[in-house]
Structure formats: C-alpha cells, structure tokens
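> Spelled out, the chains give:
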Amino acid sequence: MSLDPAMVRRIAKLARIRLADDEVPRLQGELNAILGYVEQLAAVDVDGVAPLTGGAQMTMRMREDRVTDGGIPDHVLANAPDRIGDFFAVPKVVE
Amino acid sequence: MTMLDLTIAEALDALAAKRISAVELTEAHIGAVEALNPRLNAFITTTPDIARDRAKAADAARAAGNAPALAGIPLAIKDLFCTEGVRTTAASKILAPFIPPYESTVTARLKAAGSVMLGKANLDEFAMGSSNITSGFGPVENPWQRADGAKLVPGGSSGGSASAVAARIALGATGTDTGGSIRQPASFCGIAGIKPTYGRCSRFGIVAFASSLDQAGSMARTVEDCAILLGAMSGFDEKDSTSADRPVPDFRAACARGVKGLRIGIPAEYRVDGMAPEIEKLWQSGIDWLKRAGADIIDVSLPHTQYGLPVYYIVAPAEASSNLARYDGVRFGARVDGEDLIDLYERTRAAGFGAEVKRRVMIGTYVLSAGYYDAYYLRAQKVRALILRDFTEAFAKIDALLTPTAPSAAFAIGEKMDDPVTMYLNDVFTVPASLAGVPAMSIPAGQDARGLPLGLQVIGRHFDEETVFAVSSAIERAAGFTALPGLRAGATP
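Protein chains in written order, with UniProt numbering: chain E, 1 to 95; chain Y, 1 to 493.
Same shape as in the complex, but just chain Y (with noise of 0.2 Å):
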C-alpha cells in the first residue's frame, strides 16, 4: 500500500493530519503517470510543472490554515474541458493546436478547490465513442487484463479518465457524460463514475457534443470520493443559461444514509435477450444486497427503454453537426488551405475529424436537412417526451432504480467493429437516463469469468444525487469490491 493507493477521502485526511504533504502525492502520481501513461495513453497532455505549483501552493494553503475543500488532491481533467493556457483537444486532430484563453467552469472550481491538475485525459474524439479507439491521439488501453493478453478498451467516451483512475496514476478524474460516458467506462475500469441531473454542473467552456444531453460528473474508485469530486464540480453559473440555479447538497453525507425504507425500482425492459448469465446475477445480487440492507424492491416497467438508443442516434447526431459546425478552420483549430473559403472549410473538415465524427455530423444533417426533419428528428423529440414520462411515472412509486451499467465486460481493441450499430449498443441501459436527464451513477460490484469488473448502475430523480449516492454507497459496503487491474502503479510487472 502506497500513496497512490489512497482514496480522496484518506489523502484528504493524510494531508490535514501532514502525515503526507501535498507534494509528496503529487510527486508520487506525476511518477506513476510518467511510467504508465506511454502504456496506457490515458493523458493526451501531461502537465507537471502546473501539478508542481498547485501542489506547493496547496501545502502553502494547509499550512496557513486555509486549505480548501481539495487541497493537493492530484486530478485527470478529460481533455473536453478548455484549460486557459493548456493545450484542449477534444481528442480531434482539429483542435490538435487549440490552446484555450478561458478556463471551463467545471475546472476553474476544481482549481479555487485546492485540486492538482496532473493532466489532460484522453477521450474519443469529442466524446463520440464507447471505446476511445476514435481518438485522434491513439487509442487508451484499459489497466485490467484478460488472460488471452488482448489490449481491452476502458469504454468510453471518459476512458483516459477511467483508465488512469483505476491504474493509480490519478486519484480522481472528470468525466462528461451524453450518452453514457462516464458510467460505462467506470463499468468497464472498476471503478465509480456518476453522470448528476443535467443542469448540476455548468457545461460552459466544456467542448460541446450535444448540448441538451451533455453533462459533467465525477469519477473515482469509491462512491465518496465521486460525492467529494461533485460537491467540488457543482453549482450555479450565469454562464451556462441550462445551469440550474438550485443550492448543492451534502453529496458525501448522503453516502451514509443507508437505504432502509427506501424503495427500489426493477425495470423490466432492461431484461433484454441475449444478456449475459454473469451481469444478470449480478444484477440479482445488487437486489439482494438492497433487500438486505433494508430497502424495498418493486417491479417497475418502463416501456419505451427499447427506443432510447435510436432516439439518441438521431437528436446526439443533430445537436452534434450543429455544434460541430465552429470547426471550419478560420478563428482556431488546424486549416487545411483551399481555392475558396468552401474549399477550405471541405478540406479542413476532411482532414481534421475522424470516420465516426463524420458519420455523425453527416447523420445528424440528414436528420435536420429540409423533407427529412419531421420523420426523424420531431419524431426523435417526441419519443424523448415519452421516455422521460416513462422515468416521471415510475418515480411516483420508487425512490431510484437499480440496473447493470453495461451489456458486457471490456471488449479487445478491435471486437465490435463490425458496423457502428454493434458499437452503439454498449450504451442500451445508460441512455435512457441521459435522454430524460435524470442522475445515475455506475459502481463496481463483481467480475465476471475471466475476472473484469462489471458495474451497477443506479438513477434516481432529478437533482436527487442524495439518494443515487445513498443507494451506490449500499450497493459498494455489498458488494465489496476489491480486485486489482494488472497494469497499476507499484504493481510488479
């Protein structure tokens, strides 16, 4: 046991106890970063100096006897987030030379906090992926190893966050989340990721995918550290006309709730066929767990779950060719010069985004293109409608619901590349959720045959975070989750 094996609730106590100085555990992950990362690819951008000077000035803060709520607590910032003076890539090649003159809003309190930010982490290019194979720098390789020796995936589209997170080399990471990427790659990295009501985190200054489903959260290898993480992230901010202007809970204190009484909802439809034996049982056992620990379990059905996915791949797509319409390399990012200012645009966007970013933007303008707009993506809207009623009636009688994260376990780099739909199908039980911009948050809770982790998924009401920590933090004391991935800092090769 080391430094770096530390949760964010034990090094916050370590640092006020000066058993460690901040220091220390910043120079013991900007180590551990620089012997993992060329292996991993988590981080697309490592930033020691800055950790250097934030870590000094947090022992400063301590020792004057104003350290804030993170003082010195080593950080991955997905690279989605702009960073002022730091390099912001999105994970595309055409933001490869964007260098940011404001910092996001989500970063910027993490920064007030105290926190140490060790890096910008890898991602699928702007966060459209369950894999990270579509990032523009390489692809990130998931910490836990299967014994046929194939690179796995970490998921995505937070999957340098998870990856470092789960490989020791951060103690904590932002993610962002659409679709689903913050809970399936904690799904996928054991570890505890949660995607909070949209409208909890201010989404200015973070690179926009699609807007109406775009929302930051935390990542970490305990439900506390997530409720530490989000306390820190959370808030109004003018800036963010979506924001919502409501005071932020005691995240961690709803960790120790404890569920008794509370009624947990069973979707039906998240039963779907071909499921593997493995995440059913542990599924049965996360009812099992809540039952015990005093919580009520009620069927609940919810019955347009199936339409989620084909509603997301039309409104993510739309929102996406819209927002992705700034990158036409003349106010940042790279320019591929042409005969004419159409020329220039076509080229830059040829060359600067990646196949699935093209599928999308392509899809999405079909969707929105005249003759085509009310088939799909009024159509699209309205079924939202329906799936965010199905989540309203069901919260009538429930207090959250409980659900797998993920179909599978981590696949290999290069499985499920058959066509995109294949790809898309690892985010059926997240979207739904995302659509109707309800909290939910994925926790580690078994391994299936070949030892990955597999995770649990629960949502709960809108700004009701409290309860969506309260029941994770049961499910966790369960589940008691405590394999370790093969490629982790101090671990011998």
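Isolated chain E, as found in the complex (with noise of 0.2 Å):
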C-alpha cells in the first residue's frame, strides 16, 4: 500500500500538522519507506493469536474511586501561554 500526496495531507490533517506544499513529496517518500518495512508482517501466520496490548506482566490494579488531588489552580495554569482568570485562554471557538 502506497500512500499518494492527498493522503499524506490526510493524515497530517487528522495528527493537527499544518504541511508546507513542498514538504508533502518528502514526507510521502519517507513515509512509504516506513509502512514499505513494515508490510513484512503481512507474511506472518497471526491466527488465533491473542493481541499483546501493554509491557506489564500483571493484570490491571484497580483503586479507591475517591479524589487524590486537586485545588492548585496555580499549579495547572502556571505553564499557559494564555490565560483569562483561572481559565486556559484560545481563539475564539463559537461565533
């Protein structure tokens, strides 16, 4: 599977990467190189194989549902790059 230049705009789109017009071919051409090695999983017989989804030798510790943090508004806001009040500041969203 090859991937043409509307598609890698695509995909940048969806990852909220804004593409220069000239860098769509070099990106295309690296791309494909990657998923081009990765295609030799094709060959390789998965049936009836479970998915491995996490590193961890342990099932999943559960926990009190109860509040462990909060009230440091300062804390959460001190890295911003905008901010109004206690809130993150951003463009305009609803007109």
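Treat each hint with caution, since some may be false.
Claimed, not checked - Label pairs and their computed distance ranges (CB to CB):
| no. | chain 1 | residue 1 | chain 2 | residue 2 | range |
| --- | --- | --- | --- | --- | --- |
| 1 | Y | 61 | E | 94 | 32 to 42 Å |
| 2 | E | 2 | Y | 34 | 49 to 59 Å |
| 3 | Y | 421 | E | 20 | 17 to 27 Å |
| 4 | E | 45 | Y | 419 | 43 to 53 Å |
No lab work stands behind these hints: they were computed from the structure.
Every residue gets a Cβ at the ideal spot worked out from N, C-alpha and C, and that includes glycine.
Two chains, two frames, some hints: make the complex.
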C-alpha cells in the first residue's frame, strides 16, 4: 500500500500538523519507506493469536475511586501560554 | 586519577571515610561540566546552584550520621524526567518553556536518596531516535573519537546521559529506554546501562513516548554502579498504574553472584546478514568468557526476532501519536497563534515538532486510522505476542541470553541519514526485549578496529534483573574494558 500526496495531507490533517506544499513529496517518500518496511508483517501467521496490548506482566490494578489531588489552579495554569483568570485562553471557537 | 574518575561505589566509600566531601566532589563535576559541555552539548540545562545546595545537604546529613544511600553522588538527569521548578524539554522546542510544577517519581526517589542533580541531559526529541541528531537543542557529541576526526554520535535517545558519563562529567545518569534508548548509547559511549523489567521503575512524571514500552533505567561506568542507581530508582508507585507492586531485590549484591551453573542462551536469529566481523568476534569472546566462568552455553531460537523492528515501528508511533496529542499549544508549552483553534493547533505542532517526531506522529495516526487499524496496529500487537512467546519459551530452557547490543560502533553525525529505515536498524538487537518487557543490559566489552567501544547485551527473565547483573558483571570482569575516550574531564587535549 502506497500513500499518495492526498493521503499524506489527510494524515497531517488528522494529526493536526500543518504541512507546507514542498514538504509533501519528502514526507510521502519517507512514510512510504517506513510502511514498505513494516509490510513484512503480512507474512506472519497470526491466526488465533491474541494481541499483546501492554508491556506489564500483570492484571490492571484497581484503586479506590476517590479524589486524590486538586485545588491547585495556579500549578495547573502555571505553564499556560495564555490565560484569563483561572481559565486557559484560546481563540474564539463559537461565533 | 582524579575524583572525576571514581566509580559511584568508590565515591560512596570515599565520602563515607570523609576522604572527600560531597561539596568537593560536586564542585569538581560542575567545573568539568563547564569545561566540556560547550563541546559535547550533553546537557540542555545545567543546575549548578541546585547541585551545590544538595551537596551541602549531603555533607550535613553525613556529619549528622544519617546520610541516605546516594548522598553526594553527582548525576545527570535525562531531560525527559519532570523536575519540579527546573525546565523539562524532552529536547523538543514545543516544550522549551515548560517548567514542571511536580517531580517525577524516579527523580524524587533519587533526590530522597541524597543524589546531586548536575543538570538535564540532552536526548533525541521526545526520545525518538538513535543518534541524538533529532534533539531540538542541537546534537550531542560522543566523547570517543575516530582517527578521521569526524564528530561521532553518542547513540540515542539517552545520548546526553551516555556522553556525560563517558566523558566523566557525571558519575552516573538516568536514562529511559523504549526500544534501546539506554542500551545502544551505552554501547556507543563505552559505558554500562540497564533497562529493567517494564514496571520496575515508575513512569510517573516521565514525558511519555510509547507508554507500553517506556521504561526508566540507570547508566554508569560499571555494572555495580548501575545496580546501585537502579536500586534507588526502583519500586512500586501508586501514581503509575503499570508499576509493579513487588519488592526491590538487592541488585548490588547480585553483581557478585557469579555465573557458575547458569544456562546462557545464544539466539541464532541475532546472527544477522552482514554483521561486522569484529562484532561477531566480540560475541564469541563473550560466550568464551561466560563458559570459562562456569556457565553452560545453549543455542536457542527466537524465531520472530526479525519482526521486532517492524512491530516496533507500528506500536511505538501509534502510542506516540496518541501521547503527543496533548501538545496543542493550549495548556502548556509553546504556542503559535492561528486564525481559529484548529489553525492554532496545526501551526503550533508544525513549528514545535521536529522532522522525526512529525514522521512518527503521522505513521502512528495512519496505522490507527479507520480502515488501516486491523492491517497494521492489530496485526503488530499479535506479532508482539509471538515475540513475547519466543522469550517465554526460551527462558524455560535458559537463565539469560547473550547478544551484541548494536550492529555497529558509533557512526559520524551525518552518516546513516539516507532514509529513516536505515537509522531504525540501529535498534535491531534491542527492540525485541523492549517489546517483551524483559530486562536487558549493555556492558562495554571491546573495541572495533578504529578503537571505538562495542557492547554486549544480556537479557533476562521478567523481574530477574539479579541474573542480568550477575552475568553482566562476569562479562565486565573478563572483558577488562579500560579504554578511555579522548574527550574527557582531566584529559590533555
């Protein structure tokens, strides 16, 4: 499966990364090289194999459902690029 | 021989015997960092004031008779660990302004153990790379030199950590390893480094790359030093849902166990086409050393080895594309303004991410997208299960595996840059252990024809770092690796 320029743009859109027009051919070549390399997995017989989803050799631990943190708006907002009061500020979303 | 040449074990003895003070040891390292870091670029941020404060506190604790385990030991902290009040960048421009309001569990443990933070070590951007070339803060130089004078890469992603330890501007360092990011730079820089079992060290406060693979570990000039550091870094943490709730063994004691009667597996599939003869020879030396030390050598097969890299280059980017979605210019990090919110996201991420990060986020986005998920991501997870099964079956017959760490010695900045896949091949021997979650360590064991260090890798069972340390120590003793890099503190240029 080979990505065409339109698909490269679509992926960039999904990934929320703006691409300049002159970046598309280079990325198309690089992404196709990577996808071509991983294509070899199609040769492996995986019938009846359960996917391995995590790295831990354990079942997920449960914890009590209680609030363990909070009440620190200044810490939460300390790195905000823009803030208005105790809120993160962004460009207007709703007209 | 100066204070900078001490191992951590020797420095702890010297501090305990009051032959040196933590302040003296720290000042010597701060001076060495100032002298060499402009050349090596091993640190993104240096923290001499914090180092001095902690050194004074370590001396005071020792005078009061209650010095903790690592009191006064100067360390480099990979700039992927969040440090409260100290800028943490993950070597990405998008995090350039980020000052964490909290501390990672691993660095909190090291702080509580009395260690001295010298600064935040450089790395590949978001730990994605095998060369440190992808750092948003400039490449790191390997302190080892080739006769042709070309600047060599330190490996990656924990390249700043490896370079600092090898150049003797830090006694040890933290690293993280997702597909080889501790072991490959350790091999390239002639030091030791261990990626413990997944779950051994808490991931809380470590900037996430691929969460099912990311694991913190230690890097130092000896196996024993790595064991000392790892002991202080490890342990259960309720803030990480995949942290292992089990006791931390005495890793340092395990170094002295010996290998008599241990069964060491030699996996046939790691004998890849075109392997450099000197690496093949070094591997054979490792086999001979362990045999002579009393181990039984057993040929084994890990049939799905060749699929490790392709699985990794689906699973890791997939997880990365999800983890890195948080960098949107809204809550923290750099922002580029836009006409509307989507435009702000897209411009922020275009400006903040480097080329390799963009590639991986895009690959990850693609393999998780509707219509391609089953063919790529789900299939990769199934092959990952087969790779784990290979290890489980092998470990029924053996106690540890011995392989080379990397397919080559350090290469020059600019080499292997033809296409992304050529660079990815660096991790061919380290990725399978990451996918299986088993502990693995690189030990400096020899040099290539050009005098550059080469490492051997020891892989153990889940949560059996003790055997990994025992086997690694035996290799270290037999190899007698004493060569030194040209660029190092105290060396005459």
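> Decide, hint by hint, whether the structure agrees.
Against the structure, the hints come out as follows:
no. : hint                       : in the structure
1   : Y/61 <-> E/94: 32 to 42 Å  : violated, 57 Å
2   : E/2 <-> Y/34: 49 to 59 Å   : holds, 51 Å
3   : Y/421 <-> E/20: 17 to 27 Å : holds, 24 Å
4   : E/45 <-> Y/419: 43 to 53 Å : violated, 29 Å
The earlier numbered hints that this structure contradicts are 1, 4.
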